[in-house]
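4 protein chains.
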Amino acid sequence: MEKFIYAPEIAKLGHVALVSEDLEKSLWFFRDTIGLEETEVVDGVHYLRAWGDFEHHTLSITAGETSYIDHIGWRTKRREDVATFAKLLEDAGTDVRWVAAGEEVGQGEAVRFELPSGHRFELYYDMDKTPADPSRKSVLKNQTYKSWAKGVSPRRIDHVNLQTSHDNAEIVQYLQNALGFKLREYFVNPDDVQVASWLSVTNLVHDVAVISTPRSKAPNEMHHIAYWLDNAQDLLRAADILCESEVAFVGPGKHGISQAMYIYVKDPGSGLRLEIFTNGYLIFEPDWEPVKWSYEEYLKNGSAYWGDRRRDDVDREEQVKQLIKS
Amino acid sequence: MEKFIYAPEIAKLGHVALVSEDLEKSLWFFRDTIGLEETEVVDGVHYLRAWGDFEHHTLSITAGETSYIDHIGWRTKRREDVATFAKLLEDAGTDVRWVAAGEEVGQGEAVRFELPSGHRFELYYDMDKTPADPSRKSVLKNQTYKSWAKGVSPRRIDHVNLQTSHDNAEIVQYLQNALGFKLREYFVNPDDVQVASWLSVTNLVHDVAVISTPRSKAPNEMHHIAYWLDNAQDLLRAADILCESEVAFVGPGKHGISQAMYIYVKDPGSGLRLEIFTNGYLIFEPDWEPVKWSYEEYLKNGSAYWGDRRRDDVDREEQVKQLIKS
Amino acid sequence: MEKFIYAPEIAKLGHVALVSEDLEKSLWFFRDTIGLEETEVVDGVHYLRAWGDFEHHTLSITAGETSYIDHIGWRTKRREDVATFAKLLEDAGTDVRWVAAGEEVGQGEAVRFELPSGHRFELYYDMDKTPADPSRKSVLKNQTYKSWAKGVSPRRIDHVNLQTSHDNAEIVQYLQNALGFKLREYFVNPDDVQVASWLSVTNLVHDVAVISTPRSKAPNEMHHIAYWLDNAQDLLRAADILCESEVAFVGPGKHGISQAMYIYVKDPGSGLRLEIFTNGYLIFEPDWEPVKWSYEEYLKNGSAYWGDRRRDDVDREEQVKQLIKS
Amino acid sequence: MEKFIYAPEIAKLGHVALVSEDLEKSLWFFRDTIGLEETEVVDGVHYLRAWGDFEHHTLSITAGETSYIDHIGWRTKRREDVATFAKLLEDAGTDVRWVAAGEEVGQGEAVRFELPSGHRFELYYDMDKTPADPSRKSVLKNQTYKSWAKGVSPRRIDHVNLQTSHDNAEIVQYLQNALGFKLREYFVNPDDVQVASWLSVTNLVHDVAVISTPRSKAPNEMHHIAYWLDNAQDLLRAADILCESEVAFVGPGKHGISQAMYIYVKDPGSGLRLEIFTNGYLIFEPDWEPVKWSYEEYLKNGSAYWGDRRRDDVDREEQVKQLIKS
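Residue numbers (the working numbering), protein chains in the order written: chain A, 742 to 1067; chain B, 742 to 1067; chain C, 742 to 1067; chain D, 742 to 1067.
Just so you know, the hints here were simulated from the structure itself, not pulled from any lab data.
Accuracy of the hints is not assured; some may be wrong.
Stated by the list, open to error - Each computed DSS-like pair below joins lysine-lysine, with the alpha-carbon atoms no more than 25 Å apart:
#1 K828(C) - K818(C)
#2 K766(C) - K891(B)
#3 K1033(D) - K882(C)
#4 K923(C) - K818(D)
Can you make the complete structure from the sequences, with help from the hints?
Printed below as a string of C-alpha cells:
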C-alpha cells in the first residue's frame, strides 16, 4: 500500500519528566510505595516504569529547587512523524526545539514545544525497550517485570490530566487540529461553556484530559498523572497500603465520565497528584460522538458516580462552582 | 490534512452472525444465562448485544438446520473504506458480494468475502447506534444499558478465534496484507512451524486469533467468540452462575499468551464456544515485535499460565500434540 | 459430659421484624433491588432471607402506619435456653412475654422483652429450615438458593446496630451480663466516656453494636441492619446496581473498627438503613481484650479507615461532636 | 452465673509445628514467598505468623533429618480446660505428656497426646500476644502487622487437614467425643462408608478435616495446613506470585464442600502442602445437621465445584477411586 501518504500521528503517551523539590521523598513514594521499578539512574535522573511498561521509562524524577513537570513525552506512530510534526508545528507558528538522541536517556531524536497553555510536550519515536534485570524479570515473554513485586504495583502508565486557567476549547482544538487527538467526553458550566475535556489517540477513553479552572494559578499546571491497575480489587488493596504508609488520599470512587474507578494521592515530595485507577471503557468507534455532560448531569453522575469525592480539603461542589465562574 | 491519502482500515470487530440448530436453547444461553440484551427480533433473527456495546448488535442468532457461523462483521474506519477494500480484494482475485443496506438489520451497505480458509468476513461502516429501551437504559450517558441486569453480564464483544485445518502462516499473511491486521503473538510447533497467531487492528492484544489444528474437520471452523468482563472477580461470579445453571465449562484460568483470564463455555444450542474473559494487556507500541513462543515455552507458560485447562474431554497437551502433527 | 450444667447462651442473630409505612417500596428495595428471596407471604407479612440463610426468614416486612422495628430475634444455643433465659430475666425484673409457637411463621415458642433502652429482643430456638423452591434451589447441598439470582445478592444476615439516646455502658453491661455478649471494640468521647460498642456471641467481631448519640430522638432507635457479601468486589458491583436503581448511598469505605468494608443505603419505604458489607475479621481468642479507641484514634483510623464517609447530609465529624456531647 | 459447671472446650486452632529437611527452602517459601512474618528465632526454631494473627506464632519451623509435623496446637477456652482435658483423656486411656511453660516459646503449660491415628495434638491456654516490631506494626489497633507487606500475604491461619490410612469414622468420633468438635460435612464412598469429614469448634465450616485414603503410607499424615485470605481476588494475585516464583500449584478452584476457594501449593523445603484459601461459609446454627455427600454428589459438585483440580500429577478421580477402596 505504498501509494498512500499518511498524516503524522501520535501513537501513545510515553512518559512524564518530573522535577521534585524533595527527591528522596518522591522516590520513597513512586518507587517504594507505589512500587515503580527503577531502570537506571543517570546524572541524578531516576528513570522509572511500571512492571508492565515496555519502554525505558514512563516517569523520570530529578531534584530541583521547585517541583514542576518538565515535559510530557508522546511517541509517534512512525519515525518520520517526528520531523513531519515539527514542520507542521513550525509552519503554524509554534517554536520547536530539537532534542538530540541520548539527551534523554534511552531516547532517540525528539522535539519539544509548548501548547497554547504553556504545557510542554515532547514527540519522539525511538526509545529503548530495556529488558528487566534478570532477577526481576517476569517468567512471561510478554511482560517486563514480575508483577506484585512491591507496593501498589500498577501495570502501566495511562494518561495525563492538564489543569489550566486557559480557555478549554482553545486547548482542545489545538490537541485535535495540530496533534490528531479525538474528543471523547466533556462537560460544560451552567453557561454552556466547555470547561473539562477528555481526548485520546488510542482506544482508551483518554490519553490526555484538560481541566480549566480559576483555581489554577498558572495556565500550565498539572492536575494529575495516572497509572493503571488491572482490577477494581487492586485499588482497595492500594487503599490499605496507602493507609499503612500514612499517605492521605481521595477515593476509592467511580467517575461517570470515563467510568474509571480511582484513587487520587499526592507525591509528598513534589506535590504531584497521582491517580491510580482501573476499569473505564474503551472506544473502538471511528465516528465516536463526544459525550457532552451538562452541568446538572456532571454534578449528578458525571463526576463521582459513587464513592469518596473529597479533594484537597476543599469540597468538590465548591471546586465546581469556582471552576464554572471562569 | 486533506493532502494525505489513507489506506482503508478496519476499526474494530463488529458482530458475529450465528445460525443455531436449537434457537431456543441458544437464546436461553446467550440472552438469559450470559445476559446479553435483545435489541429486537426481525424475521426470526434475534439481534443481541452486551450492556456496554454501542452498535445495534454484536451477535445475531437465527434458526437453521445445522449450526454454523454465517459471517463475522468488521467495521471500517471510514465509510469509503468499504468500497476501497472491495476493490483491492477483487483486484487480488477475491470474490466479493455486496450486501444492500438493511439486508442485515441496522446495517448500511456492506461487502462479504471469504478468507483463504473459507471463513466469511463482512466489512461495513454504517450501523445504527440503537439506544436502549428506556426501562433498561443506563443512568450513565456513556453506557447503553444498566449493567448487571441479569446473568453473567459481560460488557462488550471482544474478539473471535478462528479454528482451521489450513496453514496458519498463509491466513495470517492474508489478514496482514489484505486487511491490515498486525501480528501480536504466536506459537510454533516443535518443527518451528507457526500454528497459532493473535492479531489486532486495535490496542487489544487480539481482535482475531487463528488456530491451525488437524482436529478441525474443515478449514473454516470457529474456535470461539469472546465477550469481555471488567474484573477478574466477575469471572468467578460467572463460574458460580454457570454451575447453578448446570452448564459445563473450562476455567477459570489465565493464559500466558495475551495474559487473559478466561472461562470457556459452549452454547448448548449451537455448540459454539464462548470465552468470557478479562484482564490481558493492551499494545500501544507502533513497532510491536510479535512475541514468539517456542513449543516448550508454549507448554510451560504460554497456554495456561495457571488454572483449569481441561478442554472438551480431551487433555490439553494431547490437543497440542495433535495440533503440531499438522 | 452429662455432669456439666450450662448457662443459657445465644447462638446467633436470627431475624429482624420490620414494619414499613410503604410496604411496596420496601419490597422493591429489599426483595427486588437488594435481592432477598421471599420464602412466603402469610397474613400480609412478607418473610425474606438471603440466598445463604438457612432459617425460614431473616427479615420480615409488614405494612404499618409508621415505620419501626418490631423486634430483633436471637436464636439460643439449646431449646431449654429460652425458658432459662426467661426465668433469669424475670428474676432480674425484666418483663417477659411468651410468644406461642407459630405466632411468628416458622418459629417455635419464644419470649420477647426489652433492653433498658427499650429495644425489643426475641429469643427462640425452633425455626423451620425451609428449603428453597425447587426452581430457585442451589445445586450445592450446603446452600439454600442459587447465588447471584437477582440484584445485590448478599449471602446472609450479619448484625444489627442499635442507635440510642441512652447511656452506652449501661446497655453494654446488660448485653454482657444478662445475655452473654462479649465486648469486642468500643470508642470513647474526649471525656473518656464509652459512646459506641461492638459485641458478639459468635466469632464475628459483632452481632450487635450500640451507638449512643443525642441525634437519637428516642432511646430505642435503629442505626442499621446488615447483610453480608463474600468479597470486596461484590460491594463495588452493588454500588453500580444502586446507582442504576437511583438509590442514594454512602460508601464504599472501610472502617478501622471491625475492619469491615461497607455501603450504607436506606430502604426508601421504611427509612431503615441497610449496611451491605464484607471483609472484617473474626475473633477466636477466648480472652479477647476489648479494643479501646480514644476519640483521636477514632477520628483518625477507627471510623472510616478509607473511603466515602458522608452520612445523612451531615458531616461525619459533626455527628461525632454531637454524639460526644451526650 | 457461677453456679454453672462447664465442660472443657477447644476455642481455636493455634499453630502447627513443622520440622523441615530443608529449612532454608521452607523459610524462602513460608516467610519470603507466602509472606508470613517472623516473630523471632530461638534455638534454631523460626516462629512465624500471618499479619492478622494475634498469638506469638501460628507456624514454627525447625531443621530436621526428615520432614514431619511435630504437633498441632489448639487453644482451650479457659485456662483450667487444659488440666480438665488432660484428666479426661487419661481417664479414657490416652497417654498425656505435660509440656512446661516456655518449652515452646511464648506458650504456657500445655499437654500433648495422640489421636487414635497417631496425629499429635497439643492443648494450651496461655500464649504471648506478641506485638509486631514497630516498623512493621499496623496503624490499626485491631491488626498486628501492616497488611500486604510482602508476597501472598494471607491474614491468618485457618485449619488443618489430616490424611490417614485409618478408619475415618473412628477418628471423627474421637474428635467429637473427647475434644468437642462438631461434624459439619462429610462424604462417603460407593459402599456408603464415611471417608472424609470436616469438623469445627468455631463458626468456621472446619477447623480440622480428616481424609482417609490408602494413598497414605501411614495413619498420621498431613494433607495440608491452610491460611486465609480475605478476597477471592487475592487468590488470583497469589497465583501470579507463585508462577513468578516458579512454584507449581493446583487451583484456583472452588470446592462444593465448604464452598471454599482454594490454591494448593507445596513447600519445596518440607513437602508440606499449604492451602491458601478464602470465601467458604460460616455455621451459626447450634443444631447443624452434618451435610452428607454421596459418592455421586461428591464427584459432581462436592469436590471441585469449579476450577483447576489436578493434584500431585495424579488425576483427582483416580485419587477418589483409590480412596474408596479403603
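Here's how the hints hold up against the structure:
1. This hinted pair checks out: K828(C) and K818(C) have alpha carbons roughly 16 Å apart, not beyond 25 Å.
2. In summary, the hint linking K766(C) to K891(B) is supported, as the alpha carbons are separated by about 21 Å, within the 25 Å threshold.
3. For the hint linking K1033(D) to K882(C), the alpha-carbon distance of about 8 Å falls within 25 Å, and the restraint holds.
4. About 14 Å separates the Cα atoms of K923(C) and K818(D), which keeps this hinted pair within 25 Å; it holds.
Checked against the numbered hints listed earlier, the structure breaks none of them; every hint is satisfied.
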